[in-house]
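Chemist: Letter by letter, the chains look like this.
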Amino acid sequence: MKALFHIQQSDTPELKDFFAETHPWMVKIANKPSLEYLLDFAILSGCTEVRLVMDEPDLALRNYFGGGERWGIKISYASCSENDSLDQLLTKNTRFCDSEPLLILTGLFFIHYHKDHNYQDWQRLSASGMMLHCSTGTLLYGKTGNDLRYLSDMRKEVDFTLSPIRSLRDVYDLTMQVLTFEQEHYVLPGYGPEKNILIGRNVEIGRQVELHPPLIIADDAILLGKTVVGPNAAIGKGAIIDRGTTISNAVVTDHTYLGKGLTLSKKMVNGGRLFSAPDNDWLNLNDDLFVRIIEPQGASYFLRSAINRLAALLLLVFLLPAWILFKIATCFTEKKNHTTTCFKNKGGNLFSYTYDLPVRESVAGRFCRALSLNKVQLLVKVLSGTISLVGNRPVPSSPENLLLIQTFDHYHPGAFGYSEAQQLTPGSLEEETSERFFAANRKIANDIRTLLNILIKNLRTFV
Amino acid sequence: MTITKIITNDIAVITLQGRFDSAAADQFRKAVQHDFLPAHYVIEMEGVNYIDSGGLGCLVSLLRQAQKRSGTVKIARIPSKIFYAFELTRMNRIFDMYDDTGMAVNSFTATN
Amino acid sequence: MQNLKLTLEPTLQQARAAAMVASSIARAYYCIATGNTCPPVSRFVQAVELSVGEACTNSIQHRPKKKRGNVLLTFEFDQDSFYIKIRDRNEQLDFDNTPAPDLNRIQERGYGLHIIKTAMDDASYERVDGWNILSLRKSCPMEV
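Going line by line, the protein sequences match chains A, B and C. Residue numbers in the first sequence follow our numbering, run continuously in steps of one, and reach 463 at the last position. Residue numbers in the second sequence follow our numbering, run continuously in steps of one, and reach 112 at the last position. Residue numbers in the third sequence follow our numbering, run continuously in steps of one, and reach 144 at the last position.
Only chain A is shown next, with the shape it has when bound in the complex (with noise of 0.2 Å):
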């Protein structure tokens, strides 16, 4: 059996607003895109090839569900013009549509199924051009794709029921359910130290965090000190949860940042977007929860500065004699000599540093770079007080970026990157979340963490 879904942006306003560039179906319920769910439904149901038809490409649904490798079946991508009827939808696809036993599912609604039953047989013993509805889609099975040009409404009792997704009190409201009641009835992200407890991959939970479950954490979340989780909450992707903060009957989505001492409770977080499930409405929140302003302070300022500079000139002695003489052992050997200039701080004054150490995939730049000897110059810097031992991974000069870094409140580059340590592909959201919320929330104790991790990092890109 196949299975095409097909879905209009224009159906969706509501969401679009809310969740900005996100496409309909990579909204998240309980931290699983909402198409996942459908394409969980139509493998169970027997299906191995699924089109998916838009009237929007989309490039992070593209990257994230492929040709369907993940799933075993095969996924294939196809256009539509807005107010398609379902006729028209099937001469278009005609070759998919027409060999085989279809399913289609029209529309954006969410599948309540358990994943442990059998969804095998109710096609089997439904008679062809049967369908189901919800009040923003339809289900639509036929023996063949002709047989759905006439259809009739499902007489038959399934062992499904569709849930409308229009309004994000929907998308609320089908992940405290998922959370609370269905978290055994589909594969989740994440594994599960305890009954109804989630947690993904390279989470970083810090000291007397309080975890109550029901809830779903995903990978790279960071919560820090006396964060108190749960129940119901849903903590998406990359998020950072700064100390003191209560979340419950909550979802805070991908990359957003969540100040001090804060509590959420009924509401739905994306980024600087808050949607408040008793008031049903969303408003637009300003930078100070998003990103919290501190204040270098006079004595930590000039001790931090203090131990930067003698850090970098005990790395420098240490490090000196090895880059002296792997100049003279590599003076002849192939080298990249590029000066990037880059910003010094968020007024858009300037430095330069220049690199001329032999290429990176050579053995002998993997050599230097694992010894951290790409850092010298940028030590030198750290010593004149231009740049941190520790800080921003340094933003190169364009008018582009200088439009970045003059929101950036906290900019300070440092020799050594926070992201860097994290080893976060640049130029990334998730690079920018970390970045922002290291500068923001500096500590001496974290720069010495990261500064250990970068040197360990890059002796280990040798062995």
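Just so you know, not all the hints are guaranteed correct.
As the list claims (entries may be wrong) - If you anchor each label on the Cβ, the simulated ranges turn out as follows: (1) C:GLN61 / A:LYS266: 56 to 66 Å; (2) C:SER124 / A:LEU59: 19 to 29 Å; (3) A:ARG449 / C:ASN3: 33 to 43 Å.
Unchecked claim - Here's a subset of chain B near chain C, in silico, CB distances under 10 Å, partners left out: (4) CYS58; (5) SER61; (6) TYR84; (7) THR89; (8) ARG93; (9) ILE94.
Because the hints were derived from the structure by calculation, they are not lab data. Because the structure is a prediction, the values reported are computed rather than measured. The beta-carbon is built from N, C-alpha and C at its ideal position, and this holds for glycine as well.
Model the placement of chains B and C on the given structure of chain A, informed by the hints.
Modeler: Below, chains B and C alone, put in the same frame as chain A:
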């Protein structure tokens, strides 16, 4: 690029094979200039393994000409490897796409 | 392999050849970087092929009539990314201020730079000693 064309009942079915890039643009433009210009076109692209902005521009130009004669251009059997270029330029919203050439041709007669 | 250089005669046939070469190198890089065989429809390879094709076609179509300088291509890669540089001696390009095409309107031209900027992770332009240098970067595809 190999171009074959069959014109019946005011509908031209043009089958393309090979790389439809800027280097092939002139060849395409010449191939679609007939003494008799049909109203509608179906471009069958199953054999196309690459398309760039030059190729897409040719399709848009053909669509404009067809629209002047109250016709249109539909795309049939587009392979996934070139669908990417249509998505990047949002051309997938401009052209109706069918996975069967016969259905694309029939869709004209259904609407006429 | 540290870097590969390619010199193109300014003809559209050579731009086509450059795109095909870029596609082959990107495919080889994909296999080395991920340790997997490259799937037949890889977005990564498609993005590189399209962007190099567009950039070379642009260079060739915008060269001054009396000037027949070559287009130079360099491919480099490391663990994280695949880099391409395209150099020509055409008139200076206003890369950052070239308006994006209005995708809601039907237009025949002006998609080249838009494709490059959208398909690649980074695309920057500089003018050095009479050379236009377009630098492109595409991150190593993450394993799904």
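Chemist: Each hint needs a verdict: does it hold in this structure or not?
Modeler: Here's how the hints hold up against the structure:
1. C:GLN61 / A:LYS266: 56 to 66 Å: 58 Å, holds
2. C:SER124 / A:LEU59: 19 to 29 Å: 20 Å, holds
3. A:ARG449 / C:ASN3: 33 to 43 Å: 36 Å, holds
4. CYS58: With a closest approach of 8 Å, the CYS58 (chain B) hint holds.
5. SER61: 5 Å, holds
6. TYR84: 5 Å, holds
7. THR89: Holds: closest Cβ of chain C sits about 5 Å from THR89 (chain B), inside 10 Å.
8. ARG93: 8 Å, holds
9. ILE94: Holds. Min distance 6 Å.
Going through the hint list in order, the structure satisfies each hint without exception.
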